[in-house]
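The chain contents come next:
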Amino acid sequence: MDKEIAGVIMRISGPVVYAKGLVNAKIYEVVRVGYEGLIGEIISLREDVGIIQVYEETTGLRPGDPVYLTGGPLSVELGPGIIGQIYDGIQRPLPDIRSKIGDFIRRGVVSPALPRNKKWHFVPLVKVGEKVSGGDIIGKVEETPLIEHRIMVPPGLKGIVTDVSREGDYTVEDPVVTLNSEGKEISLNMIQRWPVRVPRPFVEKLSPDEPLLTGQRIIDTLFPVAKGGTATIPGGFGTGKTVTQHQLAKWAHANVVVYVGCGERGNEMTEVLETFPKLKDPRTNRPLMERTILIANVSNMPVAAREASIYTGVTIAEYFRDMGYDVALMADSTSRWAEALREISGRLEEMPGEEGFPPYLGRRLSEFYERAGKVITLGKERRIGSVTIIGAVSPPGGDFSEPVVQSTLRLVKVFWALDKSLAERRHFPAINWLTSYSLYVDVLKDWYVKTVAEDWPELIKEVMSILQKEDELKEIVKIVGPDALPESDREILEVARMIREDFLTQHAYHPVDSYCPIEKSYLMLKAILQFHKGAKAKLIEGVPLTKIMALPIKDEIARMKIIPPSEFKNVYEHIINELKIQFSSLKGER
Amino acid sequence: MQEKISTVKRGIRYRTVSQISGPLLIVKGVKSAAYGEIVKIEGPDGEIRTGQVLETGFGYAVIQVFEGTRGLDTRNTTVTFTGETMKFPVSMELLGRIFNGRGEPIDKKPPPLAVDELDVNGAPINPSAREYPKEFIQTGISAIDGMNTLSRGQKLPLFTESGLPHNILAAQIARQATIPGKEEEFVIVFAAMGIGMEDALFFREEFERTGALSRLVMFLNLAEDPAIERIITPRLALTTAEYLAFQQDLHVLVIMTDMLNYGEALREISAAREEVPGRRGYPGYLYTDLATNYERCGRIVGKKGSITLMPIVTMPGGDVTHPVVDLTGYITEGQIYLDRNLHRKGIYPPINVLPSLSRLMKEATRYTREDHQSLSDQLYYCYAEGVELRGLVAVVGEEALTERDRKYLEFADAFERNFIAQGVYENRSLETTLTIGWNLLSTYIPESDWKRIDPKIIEKYCPKYRKFELE
Chain A
0 MDKEIAGVIM
10 RISGPVVYAK
20 GLVNAKIYEV
30 VRVGYEGLIG
40 EIISLREDVG
50 IIQVYEETTG
60 LRPGDPVYLT
70 GGPLSVELGP
80 GIIGQIYDGI
90 QRPLPDIRSK
100 IGDFIRRGVV
110 SPALPRNKKW
120 HFVPLVKVGE
130 KVSGGDIIGK
140 VEETPLIEHR
150 IMVPPGLKGI
160 VTDVSREGDY
170 TVEDPVVTLN
180 SEGKEISLNM
190 IQRWPVRVPR
200 PFVEKLSPDE
210 PLLTGQRIID
220 TLFPVAKGGT
230 ATIPGGFGTG
240 KTVTQHQLAK
250 WAHANVVVYV
260 GCGERGNEMT
270 EVLETFPKLK
280 DPRTNRPLME
290 RTILIANVSN
300 MPVAAREASI
310 YTGVTIAEYF
320 RDMGYDVALM
330 ADSTSRWAEA
340 LREISGRLEE
350 MPGEEGFPPY
360 LGRRLSEFYE
370 RAGKVITLGK
380 ERRIGSVTII
390 GAVSPPGGDF
400 SEPVVQSTLR
410 LVKVFWALDK
420 SLAERRHFPA
430 INWLTSYSLY
440 VDVLKDWYVK
450 TVAEDWPELI
460 KEVMSILQKE
470 DELKEIVKIV
480 GPDALPESDR
490 EILEVARMIR
500 EDFLTQHAYH
510 PVDSYCPIEK
520 SYLMLKAILQ
530 FHKGAKAKLI
540 EGVPLTKIMA
550 LPIKDEIARM
560 KIIPPSEFKN
570 VYEHIINELK
580 IQFSSLKGER
Chain B
0 MQEKISTVKR
10 GIRYRTVSQI
20 SGPLLIVKGV
30 KSAAYGEIVK
40 IEGPDGEIRT
50 GQVLETGFGY
60 AVIQVFEGTR
70 GLDTRNTTVT
80 FTGETMKFPV
90 SMELLGRIFN
100 GRGEPIDKKP
110 PPLAVDELDV
120 NGAPINPSAR
130 EYPKEFIQTG
140 ISAIDGMNTL
150 SRGQKLPLFT
160 ESGLPHNILA
170 AQIARQATIP
180 GKEEEFVIVF
190 AAMGIGMEDA
200 LFFREEFERT
210 GALSRLVMFL
220 NLAEDPAIER
230 IITPRLALTT
240 AEYLAFQQDL
250 HVLVIMTDML
260 NYGEALREIS
270 AAREEVPGRR
280 GYPGYLYTDL
290 ATNYERCGRI
300 VGKKGSITLM
310 PIVTMPGGDV
320 THPVVDLTGY
330 ITEGQIYLDR
340 NLHRKGIYPP
350 INVLPSLSRL
360 MKEATRYTRE
370 DHQSLSDQLY
380 YCYAEGVELR
390 GLVAVVGEEA
400 LTERDRKYLE
410 FADAFERNFI
420 AQGVYENRSL
430 ETTLTIGWNL
440 LSTYIPESDW
450 KRIDPKIIEK
460 YCPKYRKFEL
470 E
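Residue numbers (numbering that gives the first Met the number 0), protein chains in the order written: chain A, 0 to 589; chain B, 0 to 470.
Excised from the complex, chain B in its bound form (with noise of 0.2 angstroms):
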């Protein structure tokens, strides 16, 4: 092997590994590697592997490999730099695939033809080219619907912890999401970042058993993978999404679970790298790395296609300002929160909706029905108050209270068991979610308390006083 190179030439093989640290490699005598460049690493047992240029200067680079860096050596191995960033073809017949975290084809069929390579990294969408999300998305869950709706092109995550049927959830609200009046059906892009094999093939039956596969491209990272790849796989998502929603005019849901495994590989890069940490040991860059992902979805002005993103995102024992949890509520378009109590009461789905928000609610519910908006502003202040009034009860016990407050606490439990609690294949409409709402009201709360709504939506819209029939 000829070491010295004076011009910058791309292709040649180094084997001028000098240090290897955890998922870090250092390559000494490199001239002039670029910054983001894509390497190829050939170790001694001859497996290939890909690496990406984290720092350079005159003589040396610092790479991050992929797939780990166990079984390197810094004798044998060999290191190609490809004077690319890197790229992922796209094409329609990404549709229906499965890729690895790193984008290799997995289901035993050829690599599919490529029309285009795009850069996984993306840009940031010009601000003044994005367009309002503001199409409501009907996932026929009361809790999402009534409560916190979705729009196309939102961003909003499912807050979990573990034990909680959030997969079921996302799987639910997959098969489910539709826009009201609108035949035209979301593609699903899946990105696995660490989660166990089950759960993704939990997704995989639940998606062909409804015929939905041929719209569904799915990269797997699973937690026998190397962690270090979990860095590239949400980015190969939003490449494929970038390239239906604007570029083929489709309507993208993507869904990422879990982003606290993501978090963690950045947290085992920054530490390899001996970086200066922010919050419990997570970089500091942690935010702007979560919103370089996040910030992809959305909708642009002129473009059919839109990008809907959910990430599912582990509160590790139930923590909300843990630092990947909480960046990623400070980045989303709101959030919604399962609950292990509602969970533990055998409420499906566990949807705490009192921490729970939509941002773009407001903005949906002007295009839905009049009633929604105020209809949910009550409904919210009623529950709010008979939770309130539970901590009461348990310390000076029901019969300290007031009439009005023992309305209050019944309305709190029978709108967990009636709005809330919901089939797993139940799919309610959102007139239905509503009738539930005003039935709830009716039945537990004296009409003058209904402050949040206008009497004139009341006299239309309760069924008490509705003279015709809503279609």
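Just chain A, with the same shape it has in the complex (with noise of 0.2 angstroms):
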């Protein structure tokens, strides 16, 4: 056994437990707290006592009852068999765990994160007498159709190959290579082990160029997030925070997905775990479950390990960016996260910051964010990878100028309101496109002239300023009524309400509508400014506003969404052509 008895209980509080005799302890380490072997970390030490967090329910523990030190801080195992996977807040396995104790979760139950027993098809990349330090790649393992895991160097360590494995079937334990680090024989395994609160570290930084593309339509074309950027939701209950997020994580371009269910509803685990391994990747036709790993510590689960729960998805989304990989980490909540924080907090009896959350709160946000990012990544091949960081935010009653929204909004560059009377009119995505913004707007603009259509920018312009333009009329139009303003302003009113309606609301559970590729997106705002262009120059021949407005060509307009992306190029010239005989045909009576 690696543990030695350390320490006894001294008092009890909620998921706060004060243990005496602690003095080979040290701070962050990971305990075994009572006769069960609770887990726990170590808080904060003062001389022999330490102040543990106990990841489990503490009922029934007692003044007396031993700690144990294990010689670690908390940790990940990471390797082959990862993807696919349904963790709580400390990487334990849910359902190896369900198959062990049953349909409710129990405390004491200890699950290797990894699957011991099975094989996998390891291919070696390395040669005897090779020089590999951290991050050079050794050898893969296809993992799922979408992914090759790449086996790795641990960072820090360095050597000369001195043995490799035949290609073959080995299980995560199996050694494949030895090293010869300064005389000692070091031999790997598939299995890696990272402390969750450090970052993993890379070479260098870069600044994010390219957009991770969502397929939804408002984020792809007005508040577009880059790969290695942040982005936050915040919004009040009902606002959709949660369906963006699932949204999000089903059709970002990434190439691996982590999804943490921090601290919300059980069902909404559950609703990945069942639609996930049905719904396909649109670019690679896999099922989505092959590059998603799920984190689920839900509201009802331990606030330890929920607090545990984001550093542990973030520490999986760096190894994988580690192997080159652009991954997206999505964050629901951060809020119950912070709401853990403060708990803890209090029953630390620390003095209190704001509404009772922790001074530290904005440190430990900013920790969290600081750890996206495109970086260079060790090894020799000096691969790329991202980590882009998607967190939502629920503040208490849609309040955005509570504490948590402030100090992410502070960090992050990318702000999706969600507002609650656009979810009230089933406007959804329910983003406010008045009071959003991305700070990527200038950064991506090249790449999307060069990818997608040089005259993108001033697209995107003109569609905002009509959108802006709207919100001005309608102050007026409260005042005085709409058949005060002039037809040309009218005009405006009715093309917004276009660009709302058949182009920002998108259907998340249509199969088509779902995901809208960005060529897509590009053409359907082409075609509405389009009939914005014909719309003025008419209104100029003195053509009144209603015959425009019952042009058949508007109905066409409004079906483009459901329209599947590979017959859209078609209709698009269809409706470009329709658009041009329609407007001829409409004389004025000026």
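In case anyone wonders, no lab produced these hints; they're calculated from the structure.
Any given hint could be a false lead.
[Stated by the list, open to error] Covered by chain A, according to a simulated footprint, are these stretches of chain B (three or more residues, beta-carbon under 8 angstroms): (1) 223–237; (2) 332–346.
[What the hints assert, rightly or not] Below, in silico cross-link-like pairs of lysine-lysine (DSSO-like), each with a Cα-Cα straight-line distance of 30 angstroms or less: (3) A:LYS25 <-> B:LYS86; (4) B:LYS30 <-> A:LYS579; (5) A:LYS553 <-> B:LYS450; (6) B:LYS463 <-> A:LYS460; (7) A:LYS546 <-> B:LYS463; (8) A:LYS553 <-> B:LYS455; (9) A:LYS553 <-> B:LYS133; (10) B:LYS303 <-> A:LYS99; (11) A:LYS419 <-> B:LYS30; (12) B:LYS406 <-> B:LYS303; (13) A:LYS525 <-> A:LYS535; (14) A:LYS277 <-> B:LYS303; (15) B:LYS463 <-> A:LYS535; (16) A:LYS568 <-> A:LYS525; (17) A:LYS535 <-> A:LYS553; (18) B:LYS133 <-> A:LYS99; (19) A:LYS586 <-> B:LYS450; (20) A:LYS449 <-> A:LYS473; (21) A:LYS19 <-> B:LYS30; (22) A:LYS579 <-> B:LYS455; (23) B:LYS450 <-> A:LYS477; (24) A:LYS473 <-> B:LYS450; (25) B:LYS133 <-> A:LYS568; (26) B:LYS455 <-> A:LYS279; (27) A:LYS419 <-> B:LYS463; (28) A:LYS535 <-> A:LYS568; (29) A:LYS279 <-> B:LYS406; (30) A:LYS126 <-> A:LYS379.
[Stated by the list, open to error] Here are the computed distance ranges between Cβ atoms for each label pair: (31) A:GLY101 <-> B:THR209: 34 to 40 angstroms; (32) A:ASN284 <-> B:GLU369: 24 to 30 angstroms; (33) B:GLU398 <-> A:PRO543: 37 to 43 angstroms; (34) A:HIS509 <-> B:LYS107: 43 to 49 angstroms; (35) A:PRO94 <-> B:LYS107: 44 to 50 angstroms; (36) A:THR143 <-> B:GLU402: 53 to 59 angstroms.
Built from N, CA and C at the ideal position, the CB exists for glycine as well.
With the hints as a guide, dock the two chains, each given alone in a separate frame, to form the complex.
Below is the structure:
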């Protein structure tokens, strides 16, 4: 047994346990608490008294019960077998726990994060005599048809290869490569362990220059997030945070998706578990689960493990980044994580900051979001990988001035503001186009111009100015009524309505509309603006607005979103053609 | 009394209460009380009360007393540690019985025989064991069935204000809820926290009259009962529900009223412990605490039974940002809003569908009727337009509106009158509800505006075009 009796419990208050006699303990060391060996972490030390946050339910613990040290900090296991898994906040595999103890989670269960008996087909990529160091790829395993799992030398290690296993099937614990590191023989298997609270090292951070396309029209066109960037979705309940997060997890153009369900509903994780294996990635046509990892520490699971869950998630994300992949991490919701911090801080009787949150809330949030980024990884080949972090925030009462939203906004570059009044009108995604922003618009401009279309920036500018103008006009309408507006202004209102309803709203559960490729988004906008152009011209000729708005082509524009992308090019050309014909049929009355 | 104990022994009585404040007792000289352990407290008057250890350390334990501390003293009060966490005896004999808020029978019958004793705190359902709720429950109420469906295993609260008919509505739902095409009936577990005797009697009589009493278990903590007891009441109800659903394969509907009182009891304890408060004095762990209750409902893969939960939460002064209401909304799968304005207009049930929501509707409507979801979306859109225009009319007058706008305005009124409003004993089938919806659309809104509905669906289901009778 690698644990020694180190101390005894003095005091228990919820998930926080005080223990004395911890002379050899280190801060952030993982300990086992009580006779059942509950997993905990030392979060504060004063002489030999340690304060431990316990990741499992503490009912039944008594003063005098033993505490054991384990010698290491809270770590995750990284290696083949991670993809498609569903873990709790401290990386215990939930299906495995279920098969061991049944449908309800009881405490004291241990189960290895990576399956120990499963064999993986390992292909070595180094030769005897080769010099390797941290980050170098020593072999590969096809973990799923989507993910080639690159087995790397753990960071910080270097040496000369003295032995390599032949290509064949191995478990994660079988040694595959042996190194001579400064005279010491070190045998490497396919598992790496990494402490969750320590960011994994890389060579250099790069500035983001490519969008993480999501298939969501409003995001990809108006408020894009960059690969390696950070974004936040705050919104009161019922505004569609989780649906948006799920949409991003489904359709984001990332190689690997880590979804952290942090203190939210159990059924939402079930939904992911039930739907993702059935949904196909539109680019590879493989089940989405083959690139997804779920961390589920739902609201009724222990709070301390909820605090750990986002670190577990981001460490796994960094590990796949280090292989050279683009990884997207969704955290739903960071508010619940912050509440876990608040609860533990309260039990420690720390001096509170705003609304009872600990004063270090901002620092902890920034440490988390700082782990996003596009980087040159360790290793000879100078691979490029990225971690994009998208965090949902659940502000109490939908009030964006509360501490978690405000601390988050200081850190992230993209703000998708969910709006209750849009949600009530069933305008989804309920992202408010006037209050949201993306600070990546400028850096991504080149990419859009090069990849999508030359006139992209002007197009987006025009759309935004129409929406802006609509907002101003609506203020006037509120006072004088719509009839008092000139026809040209009412035309703007109508076109803005088309942009909102025929473009910005997107049906998450419609088989076609759920995912919209960027090329299609572009053409849809072109068509609407073409209509706008024609309408303006005809108004000047004296055609009444009601006649323009009665053109049958309007209905075809409204149905663009449900045209499959493969047929869309033809439909678009047809619409542009029809626009010409129908507009030229209108004759001015002047 | 011998006070000095060096070994851990259960069943020994301590007469070392050192402090009593609010609902809390602090006992000194206790060597090692378990966290969460249940204690029996005997006051100077000989009355036995129950408490639970909230915090423990060498030489002391902090205890919350469910019955309240009135009448206890520091000299003669004795405390006995039972060595056990809180358990509730369960069996099928619970059906038809009435208990107080801490699980003692109050219907003058002997205690039911137990076949098992379950921990009242339960254990979290493993997320990988959950089954997604899909089965549509027909409540017979159009505003719910048509616009915000309820599914088996869903948690859907009623957000209400004092003076609104939430009790009548909850009783109507309990009475009418069925799965179309299936004969299984719901078992109802009713937990009252701090409500008046009249309200409790109303529910009881309502169930008695419809012969549902044999399918009912009641836990009543009334307004005059000790507030701290309310912490336990929902846990007892949910423990009972879990037993009936997951061990006895029954479909259980749990109604809990009023969660606001529960939240206040939690706040009282938190304040007595001098904890750092979160919002409006409520403890920072309010969300987690509510979630550990609400999340006990649901479905489990491979089990027949289910727990559907309908908590009733009062919004003080109609304030939806109140912590208990707000956090409930964050945990539950939607919410049904009762609205005072609709109530004033004489509309029953006064359900405001705009802020109401059922997160599981998209899944449930896949198994009902093809037009259900899109018709509902269209009705939503039109009603939202109409309601928004009402605001405009108030400023500029109806004359300033366009022809189109006026139609939406009329639609909104008709929608409230014909679709939302119905009788307390009117049980509408889903088909009736949908037909009312189609007729309203056809009467007021030009078909070119029905953008949320597929033309094929319109042709197939709109009564205007329908060539055949639907069953």
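Against the structure, the hints come out as follows:
no. : hint                                      : result
1   : 223–237                                   : violated (count 0)
2   : 332–346                                   : holds (count 3)
3   : A:LYS25 <-> B:LYS86                       : violated (38 angstroms)
4   : B:LYS30 <-> A:LYS579                      : violated (89 angstroms)
5   : A:LYS553 <-> B:LYS450                     : holds (11 angstroms)
6   : B:LYS463 <-> A:LYS460                     : violated (44 angstroms)
7   : A:LYS546 <-> B:LYS463                     : holds (27 angstroms)
8   : A:LYS553 <-> B:LYS455                     : holds (19 angstroms)
9   : A:LYS553 <-> B:LYS133                     : violated (37 angstroms)
10  : B:LYS303 <-> A:LYS99                      : holds (21 angstroms)
11  : A:LYS419 <-> B:LYS30                      : violated (53 angstroms)
12  : B:LYS406 <-> B:LYS303                     : violated (48 angstroms)
13  : A:LYS525 <-> A:LYS535                     : holds (15 angstroms)
14  : A:LYS277 <-> B:LYS303                     : holds (24 angstroms)
15  : B:LYS463 <-> A:LYS535                     : violated (37 angstroms)
16  : A:LYS568 <-> A:LYS525                     : holds (12 angstroms)
17  : A:LYS535 <-> A:LYS553                     : holds (15 angstroms)
18  : B:LYS133 <-> A:LYS99                      : holds (27 angstroms)
19  : A:LYS586 <-> B:LYS450                     : holds (28 angstroms)
20  : A:LYS449 <-> A:LYS473                     : violated (36 angstroms)
21  : A:LYS19 <-> B:LYS30                       : holds (16 angstroms)
22  : A:LYS579 <-> B:LYS455                     : holds (28 angstroms)
23  : B:LYS450 <-> A:LYS477                     : holds (25 angstroms)
24  : A:LYS473 <-> B:LYS450                     : holds (22 angstroms)
25  : B:LYS133 <-> A:LYS568                     : violated (37 angstroms)
26  : B:LYS455 <-> A:LYS279                     : holds (27 angstroms)
27  : A:LYS419 <-> B:LYS463                     : violated (35 angstroms)
28  : A:LYS535 <-> A:LYS568                     : holds (25 angstroms)
29  : A:LYS279 <-> B:LYS406                     : violated (43 angstroms)
30  : A:LYS126 <-> A:LYS379                     : holds (15 angstroms)
31  : A:GLY101 <-> B:THR209: 34 to 40 angstroms : holds (37 angstroms)
32  : A:ASN284 <-> B:GLU369: 24 to 30 angstroms : holds (28 angstroms)
33  : B:GLU398 <-> A:PRO543: 37 to 43 angstroms : violated (20 angstroms)
34  : A:HIS509 <-> B:LYS107: 43 to 49 angstroms : violated (58 angstroms)
35  : A:PRO94 <-> B:LYS107: 44 to 50 angstroms  : holds (48 angstroms)
36  : A:THR143 <-> B:GLU402: 53 to 59 angstroms : holds (58 angstroms)
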